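Whole structure, please, built from the sequences with the hints as guidance.
Chain order of the listed sequences is Z and W. Heads up, the first sequence is in our numbering, so the first residue is 1 and it goes up one at a time. Heads up, the second sequence is in our numbering, so the first residue is 84 and it goes up one at a time.
Just so you know, these hints were derived from the structure itself, not from any lab. Computed from a prediction, not measured in an experiment: that's the story for all the values here. Be a bit skeptical, because a hint or two may be false.
The calculated label-pair distances, taken between Cβ atoms and stated as ranges, are [unchecked claim]:
(1) T78(Z) to G95(W): 29 to 37 Å
(2) T32(Z) to H100(W): 44 to 52 Å
(3) D199(W) to G19(Z): 26 to 34 Å
(4) K5(Z) to G95(W): 24 to 32 Å
(5) E44(Z) to N155(W): 23 to 31 Å
To be clear about the criterion: a stretch of chain W counts as covered by chain Z if any three or more of its residues have a C-beta under 8 Å from a C-beta of chain Z, and this derived list gives those stretches [what the hints assert, rightly or not]:
(6) 140–150
(7) 185–191
Beta carbons: idealized from backbone N, C-alpha and C, even for Gly.
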Amino acid sequence: MFRAKVIIKRRPSILDPQGKAVEKGAQHLGLTNIKNTRIGKYIEFDVLSENREEAEKEVNEYCNKLLANPIMEDYEFTLEEVK
Amino acid sequence: MKPKFGVVVFPGSNCDHDAYYVIKKILGHDVNFLWHKENNLNDSNVIILPGGFSYGDYLRTGAIARFSPIMNSVIDFANKGGIVIGICNGFQILLEAGLLPGVMLRNISLQFVCKDVYLSTENRRTIFTEQIPFDKKAIKIPIAHGEGNYFASEDVLKELQDNDQIVFRYSDSNGNVIDEVNPNGSLLNIAGIINHKGNVLGMMPHPERACDSVLGKTDGQFIFKSIINYLTN
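And the structure:
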């Protein structure tokens with residue numbers, strides 16, 4: 001079995017109004033060094049497979065078809081074997 | 084052909100009854116609810132994907148509804164030329180399903196916007212718009228969404244423009260498409276688009292909420308009447 005940890009990011013070319021609004025909060029806190037806040041998603045799940053290559057394939061399919069929308073998002077993931 | 088509407092009901096749909104009411108009680112046509120777990124469209128010749136918050140808008144708007152069993156039948160139906168209209172969340176589902184190009188981003192203001200807006204009809208030669216009178220510079224229809232900020236790549240936008248697929252754009256009451264009246268940040272003030280074949284329309288504004296004269300506006304009827312007219316003539 002593998003534990004998958006997926007990070008989904010908005011593509012750099014896509015505006016992130018949410019990140020902008022949150023960054024305003026940082027300014028109000030006086031954190032003036034904080035710049036370029038972008039909000040993404042973190043998702044973790046198990047893949048019931050004994051084979052890493054197979055598990056990677058399934059995670060890619062899950063990401064491409066459901067977890068991320070390739071028009072506006074990129075994803076990356078790690079797979080950790082769980083004994 | 085006698086129009087027979089099917090309104091798909093997803094968990095979290097909340098404009099399904101409004102759509103049903105308009106078709107049945109105001110326009111007097113056949114309509115059925117279609118539960119998302121079914122895969123039978125019940126001989127409908129028009130499918131309405133209604134507004135709401137299917138699956139709680141989890142992950143992304145429309146992303147999970149797109150995999151409901153009924154969507155396979157809807158995609159099949161659309162690919163064979165069947166008439167499909169997605170309203171608000173229905174539009175978001177059509178985008179996720181790939182029946183229409185692009186994505187919806189959070190409104191630029193980050194606010195949920197609920198108000199009447201004016202739409203300029205950019206293409207009147209469609210199944211969905213040909214009953215909109217030519218002297219009508221803008222139709223008044225309400226919007227109610229938090230994620231209606233239409234985005235697509237430049238190539239896709241160019242294709243939409245070249246093929247006259249942009250059907251509705253946010254405008255002032257005289258039909259002038261200007262930045263000041265863009266309620267959500269949509270590229271090119273896009274409020275509604277059709278697919279290349281012209282049988283699938285997605286729009287953020289809610290025509291079903293602008294059909295009953297009791298509510299003070301009836302411009303939404305033009306859209307449903309266009310579809311009915313197309314099927315009956």
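Problem - Those earlier numbered hints the structure runs against, lowest number first - result: The structure conflicts with no hint, since it agrees with every one listed earlier.
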